[in-house]
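K.L.:
Chains as they are written, first to last, in numbering that gives the first Met the number 0: chain R, 0 to 414; chain L, 0 to 414; chain V, 0 to 377; chain D, 0 to 377.
Bear in mind the hints are in silico, worked out from the structure with no lab data behind them.
A few of these clues could be false.
As the list claims (entries may be wrong) - Far from chain L, some chain R residues (derived; all Cβ distances over 10 Å):
| no. | residue |
| --- | --- |
| 1 | Tyr120 |
| 2 | Ile138 |
| 3 | Arg263 |
| 4 | Asp272 |
| 5 | Arg274 |
| 6 | Gln277 |
| 7 | Ile395 |
| 8 | Arg396 |
| 9 | Arg406 |
Unchecked claim - Label pairs and their computed distance ranges (CB to CB):
| no. | chain 1 | residue 1 | chain 2 | residue 2 | range |
| --- | --- | --- | --- | --- | --- |
| 10 | D | Val375 | R | Thr267 | 53 to 59 Å |
| 11 | L | His156 | V | Tyr340 | 57 to 63 Å |
| 12 | V | Gly48 | R | Thr267 | 55 to 61 Å |
For each residue, glycine too, the CB sits at the ideal point set by N, CA and C.
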Amino acid sequence: MDLRYSQEDIEFRQKVRAWFEENLPKKKIESFEERREWHRKLYDAGFIGMGWPKEYGGQEARPMEQAIVGEEMARVNAPAGVNGLGISIVGPTLIHHGTDAQKDEHLKKLLTGEEIWCQLYSEPNSGSDLASLQCRADIDGDNFIINGQKIWTSGAHNSEWGLMLARTDRRASKHNGISCIMVKMDDPGVEVRPLKQISGSSEFSEVFFSDVAVPADNLIGELNTGWRIAQTTLSYERGGNTLSRVSRLQTTLDRLLEVAGELRVDGTRAIDDPRIRQKIGQIYSEVEVLRYASLRLLSKLEKGERPGPEASVSKLHYSELDKRAQEIIQEILGPYGQQISGAGEYAFDESDVPYGEADTWAYQFVWSRAGTIYAGSSQIQKNIIGERVLGLPKEIRADRIELEERRKEEAAADD
Amino acid sequence: MDLRYSQEDIEFRQKVRAWFEENLPKKKIESFEERREWHRKLYDAGFIGMGWPKEYGGQEARPMEQAIVGEEMARVNAPAGVNGLGISIVGPTLIHHGTDAQKDEHLKKLLTGEEIWCQLYSEPNSGSDLASLQCRADIDGDNFIINGQKIWTSGAHNSEWGLMLARTDRRASKHNGISCIMVKMDDPGVEVRPLKQISGSSEFSEVFFSDVAVPADNLIGELNTGWRIAQTTLSYERGGNTLSRVSRLQTTLDRLLEVAGELRVDGTRAIDDPRIRQKIGQIYSEVEVLRYASLRLLSKLEKGERPGPEASVSKLHYSELDKRAQEIIQEILGPYGQQISGAGEYAFDESDVPYGEADTWAYQFVWSRAGTIYAGSSQIQKNIIGERVLGLPKEIRADRIELEERRKEEAAADD
Amino acid sequence: MDFDFTEDQNMLRDLAREFLTEQVSVAHIREMMEDETGYDKDLYRRFLGLGLIPFPEEYGGAGFGMVESCIIMEEMGRIPYPGPFFGTVILAGQAIIQSGDENAMSRYLPDMANGDLVVSLAFLEDSASWTPATITATATKDGNGYKLNGTKRFVPWGAQADVLLVAARTGEASGPDGISLFAVQANSDGVEATPETMLDLNSRTATVKFSDASAELIGEEGNAWAGLDRAIQRAAVAASAEMLGAARRAHEMSVDYAKVRRQFGQVIGQFQAIKHKLAEMLEQVENAHSAAYYAAWALDADAPDATLAASVAKSTANEASRHVCGEAIQVHGGIGFTWEYDLHFYWKRAKHQEVFYGDSDYHRERVLQEVLAGNVAR
Amino acid sequence: MDFDFTEDQNMLRDLAREFLTEQVSVAHIREMMEDETGYDKDLYRRFLGLGLIPFPEEYGGAGFGMVESCIIMEEMGRIPYPGPFFGTVILAGQAIIQSGDENAMSRYLPDMANGDLVVSLAFLEDSASWTPATITATATKDGNGYKLNGTKRFVPWGAQADVLLVAARTGEASGPDGISLFAVQANSDGVEATPETMLDLNSRTATVKFSDASAELIGEEGNAWAGLDRAIQRAAVAASAEMLGAARRAHEMSVDYAKVRRQFGQVIGQFQAIKHKLAEMLEQVENAHSAAYYAAWALDADAPDATLAASVAKSTANEASRHVCGEAIQVHGGIGFTWEYDLHFYWKRAKHQEVFYGDSDYHRERVLQEVLAGNVAR
């Protein structure tokens, strides 16, 4: 047990920190094209696709190096690059399951941000139960004809391509009739409608497909193996988010401490009120524990261990923690926490990170509600922990009973 | 909406209060026989079986009168009578389902405490799932022969009789082969083993039955209808506990306030610490809400409304509240809260209720863990609320699937 | 002992619910989010036209008490209604009524009751707290009237109000003594209102700056605190009822959704994770109901534990609505996080009211003070 | 960056676990509950005989640091061990080591390491708090030694100890200055120990009254606070590990039970209500692990955030073990509430350690102090 950073890591961090000091944009990024330029700069510095194999343009960087870059970016509130899903999910899928032609065509562009990708998985009636998806891709000569709707598509309006899961065999059981297909987002019949969130912003879209013709060559892997491909997607980003999450929460807490030092309640500074001290002490402790847990995870990753279902513990931990922390921050700030404009000296967006991305207390608060829903709700994570980590038997569920009955019927028919 | 007590209720309360001032035992009750004497005194005063029909020795008292007696008893920490289960459950069962002979034989004795009863329902493998009970009563001539084990039997060692649910048809579905039988606790083959709780005390027992012969006349109602009898048991005690629960918690809080006013932490009284003030303010608020909710329930009962599944909301509320409250009390008292002996001036048992029943903070704390388990665990209450109050469909459960399959098989066999 | 509503109270609820559900459509609520004024004056007048005004009858009201106020506010929370009813009729109305100043009552209340006058109470300052020490705005005698100076924050509908009631000091520098209540015409010189955008876009507030603004005294000079405190207490209880309405509606939507939304071949309400959540939410909603209406009754009956009950009600409603509305989003999953789905209305309204008229910390402290002072029901 | 244990540390854990599971039977634990002394001296000596002593090597120890201490205490929490290991070796051991007094170390530590001497730290007084102001016992110079007066509460194994280390004032009336540490022979005149019965019958404590008892100074007069504070901090972290062990064991028992206990035709672990509880409990156990061992490492490495980490560890372990052990009872249902079933051992041990060496309020306050002082890792 030795929780010091290695000399190599310390030097790497210094290098990264120096780069950001020099290169951090001096003004706010406004357009998507400006952000693409910034991405290209990050790519040239070696901070994009860090975990990718070298032969496809990556760095084969260690998890700790990825974590350090993430942490340093969060520390200075650096703008994010583009094509996050493309690099974390689409690229690795192509590397593992794509043809040589698919790889040659897309991988480099994907990494440099020339080609932006989105992920077309979720549907209105397939939330936690993704495998029940209904969007169809019917084979018609050399094409798939796609019909249906996708939802919660992040960055759809900026994307050139989408990685889709679609049903290609409607008679097969729900997991066995799904294929993984690349779709061009400007094809006729594709319509993107931004979806407004309760924050008032539109990070996601609905995407509608009406008789969209896609070349059969756009199939990734074998027909009807899409579910397996999606489930086994191997990310090369190991640990990249672990410390940046902590770092973002720490930035929030730093600002909270400043505000609590300025805000005077009936002549006393908020920070001198024992009740408020307890609340801040509690959040601070929880964030420290998240940091320790992240270091523990990184330490495993550095040894090449792959956290499988244990990742659910981590997801549950940080998403629920964020929700608790933001509730407590709101308690401390009172009406100032809910102000979207005009909060003056107590605002979050007047923090000492002037060139990064603006934010408000209210926006952070609203978004803390999303973390326990997206990317596997807390309920789903608890199921995974219960079944795959603790070894509890699966719950009895309608779809499992149906499956069982169908199997019995098939067996009976075979007799 | 008028939350004042009626003039009638106020006068009744004065009468009750005066009676207890005069009659409260001057020294601690030590033996069971002393408690039986005290019970008889309560009975003579009209405070026992208050809700029972007059023809069986009751008062047909209003719910509010029952609640007031309960509250006044809790207020002065008066010792309880005997035969609680006999009066609340066994008596009403006999009144509704018993033969004239059974009623004549038992009802009066049961009320006066001459005949103590216990309830032989739960088994080691039938907790929340009571209907899965396995204790057998086989018909043999004019007798039932009883074999099996019961658990969580309250007061078994002091009981003359027990009301048992036993399986009389092992081929019937689990709800349809159960009968309700009266068992004499000193019959040969009945063995009572006290069960020690984590409080160190023994409020419950295990009871073992080996070839216990019970006259067939001891059957209550029809053969194999025991489950229905147990489910529809009608209590005449309406609201008797509602205010006494609140009153007990208020007594605890009164003492907590006293202790917090005496205990000096680093020169400051605990009651002056804003953090402790928040904690006490929170518990106090929660207990007040329980009081309001109890008055609301009583108001319904007074109009003759029968709270059905809504009683589950009430059970969930007070049992979970008690758990929360006791945890917070422990936080405030620190090590003093865990002292079983020698807590000196901060002890609970030195409260200003000298003739009532002694208690410790630790004992209260331990017992607060039982409320969410016994008499329908919080999980069961939430199921009941979800299904019977909110109308959500029943969950898919192994026993329901089995039942379904058996029905199908039977239907197939009938063809 | 009767915890049920009277027939008149039930009729009042039906009337309010019928009007609000029929007249305040979801489209209207969304429109008002973007609207500069933030509410529809005609609609507001028409609601007032129903006559459901908790003012004394001699001033154009229906003689309603707090129980009736809570019924109306609960119904408004179920919509939730965008407009200055709470700010004008409950908050400012109570500030005037509790001042005991009959001149002020006859001058303002009738016009507030018919909708001619939107009035608000400018109380909070920078410290955003509800204790006397908060008040640092000052008023100095000037001829027959006063000149008022100071900055008030988070004034409900402060940019839309015609008249602002302002708590300011005419005497000592802190503490309850020396606080007076004034009426200031919003369009007079030296009054500058800057709207604040809040999380709940339908709950409008403003920062109002007073620079030598002409002010008219309400009640006695230096003796306004007790009345203000009573008014804020009543606002807290009415806000509790509004939060109760929001929470109950969010819970109902969640139960309905759990009965139809299918995942893994069954409706999600069959999963214990969802079913048990919905059961816990019901318990909290029912507790908020018991607490809000007990407090309303206690205030109306001038019960010894009225102040205690008011604080119990607000802290209970704060915690219950926060939990219930938050869990409602979780039960809904992704759809609950969309702007198009109405659930966030309730969550945001409840969150808004949570921090006004005393947050939970404030009210827990006050509960303890009342208990230690012996102001309890027993 | 390596958060795993070294091979040596794993061997140490195996050794401790093997001894404790084989030698400390459930029957023994139950027997000790009724025993007057409360522990088996021979068993205690044999455990010490394994050589797993976190003292410097020159004083009979294995040179272990806090990480090793935590491994041992976690294993003890899994039993949970009834005896004075924590009180003597961790608490009193650290009090002596952190005093920096080498005479005292060579005089006491070797005998503590071989079990000849049971020593405890008498720190708490009536106010039962862990700040300097707590200390009001006084010591006055008397020839070569001191005379000690005062009453100490909740002294771990205070009625069984041979030597009591006592924090007392030789100077100022409050604050950290003027506090000195003394050694008092328990059998000397003027020392009177009265056992206290606690919720955890296997965690013995006593009230110890000193009336002109002869005392020997350890370290410098008036300068003991810093060392005492370091010792209590280390005790807090070791207690966190013990609570972690208790919580993890309670969780394991609950998972095992949920796999076999059948209700309604299925094992209860198939119900989401139980499954999700067990998942949440795991998260909390893992967090307590991360926090306890991070803090142990930080103390060993003298990291700038060591004090912060110690307080994070204790408050995290407090909340985690309270929740996990409590929920374990709920998962078990009725059987979990019986004396015969072992689950309550863990619940009570965790509850016992929760209030000592700082409760969660104390440590949250301390976290904030450290953060404001800039003593953080970044």
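K.L.:
Taking the hints in turn, state whether each one holds.
P.N.:
Cross-check of the supplied hints:
1. The Cβ of Tyr120 (chain R) sits about 27 Å from the closest Cβ of chain L, beyond the 10 Å cut-off, so the non-interface label holds.
2. Look at Ile138 (chain R): its CB is around 36 Å from the nearest CB on chain L, clear of 10 Å, so calling it non-interface holds up.
3. Non-interface status of Arg263 (chain R) relative to chain L is upheld: no Cβ of that chain comes within 10 Å, the nearest being about 17 Å off.
4. A cut-off of 10 Å between C-beta atoms contradicts the statement that Asp272 (chain R) is not in contact with chain L; the least separation is 7 Å.
5. Residue-level check failed: Arg274 (chain R) sits 5 Å from the nearest beta carbon of chain L, not beyond 10 Å.
6. Not every beta carbon of chain L lies more than 10 Å from that of Gln277 (chain R), the smallest distance being close to 6 Å; the non-interface claim is violated.
7. Against chain L, the non-interface label of Ile395 (chain R) is violated: not every CB pair exceeds 10 Å, the least being about 5 Å.
8. Arg396 (chain R), annotated as away from the interface, has a beta carbon of chain L within 10 Å; the closest lies near 6 Å.
9. The non-interface label for Arg406 (chain R) is consistent with chain L: the shortest C-beta to C-beta separation is roughly 15 Å, beyond 10 Å.
10. In this structure the hint that Val375 (chain D) and Thr267 (chain R) lie 53 to 59 Å apart at CB is violated, the actual value being about 25 Å.
11. Checked against the hint of 57 to 63 Å, the C-beta distance between His156 (chain L) and Tyr340 (chain V) comes to roughly 60 Å, which is consistent with it.
12. At about 47 Å, the beta-carbon gap between Gly48 (chain V) and Thr267 (chain R) misses the expected band of 55 to 61 Å.
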